[in-house]
Amino acid sequence: MQLVRLAAIGVALLVIAGGYVQEIRRLAVIKRLGGREALAYYERTRTRTERLLTFVTAGLVLLAVAGAVWAFVLGSRGW
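Going by my numbering, 322 is the number at position 32 of the sequence shown; the sequence numbering is gapless.
It is worth saying that the hints were derived from the structure and are not from the lab. Just to be clear, a hint being listed does not mean it is correct.
To be verified - Pairwise CB distance ranges, derived in the manner of DEER restraints:
| # | residue 1 | residue 2 | range |
| --- | --- | --- | --- |
| 1 | Gln292 | Leu342 | 27 to 37 Å |
| 2 | Glu327 | Thr347 | 49 to 59 Å |
| 3 | Val359 | Ala298 | 19 to 29 Å |
| 4 | Leu364 | Leu293 | 19 to 29 Å |
| 5 | Ala361 | Arg336 | 34 to 44 Å |
| 6 | Leu350 | Arg322 | 30 to 40 Å |
| 7 | Gln312 | Thr347 | 14 to 24 Å |
Just so you know, these numbers come straight off a predicted model, no measurement behind them. Quick reminder that beta carbons are idealized off the backbone N, C-alpha and C, glycines included.
Take the sequences, apply the hints, and build the full model.
Encoded structure:
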């Protein structure tokens with residue numbers, strides 16, 4: 291069980307580091323662009339990020355529902 295927890299922490303750290311590097315790159319691109327182009331680029335990347343987060347959230351909700359069903363339905367059978 292400790293290995294699973296350690297792996298989860300490692301994955302979380304990698305995700306955070308990846309997001310940080312991506313944000314640094316995005317801001318560097320914005321600094322190079324002019325006003326209108328920078329705004330369009332910012333809005334385009336924010337829309338993509340929000341869409342991705344929506345799908346991730348929906349997936350986590352489905353996993354939570356599946357876990358609850360597993361716990362209450364199969365857990366009552368002694369599994």
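Hint check results:
1. Gln292 x Leu342: 27 to 37 Å: holds, 31 Å
2. Glu327 x Thr347: 49 to 59 Å: violated, 30 Å
3. Val359 x Ala298: 19 to 29 Å: Given a distance of about 22 Å, which is inside 19 to 29 Å, the answer is holds.
4. Leu364 x Leu293: 19 to 29 Å: holds, 24 Å
5. Ala361 x Arg336: 34 to 44 Å: At roughly 37 Å between Cβ atoms, Arg336 and Ala361 fall inside 34 to 44 Å, so the hint holds.
6. Leu350 x Arg322: 30 to 40 Å: holds, 35 Å
7. Gln312 x Thr347: 14 to 24 Å: At roughly 19 Å between Cβ atoms, Thr347 and Gln312 fall inside 14 to 24 Å, so the hint holds.
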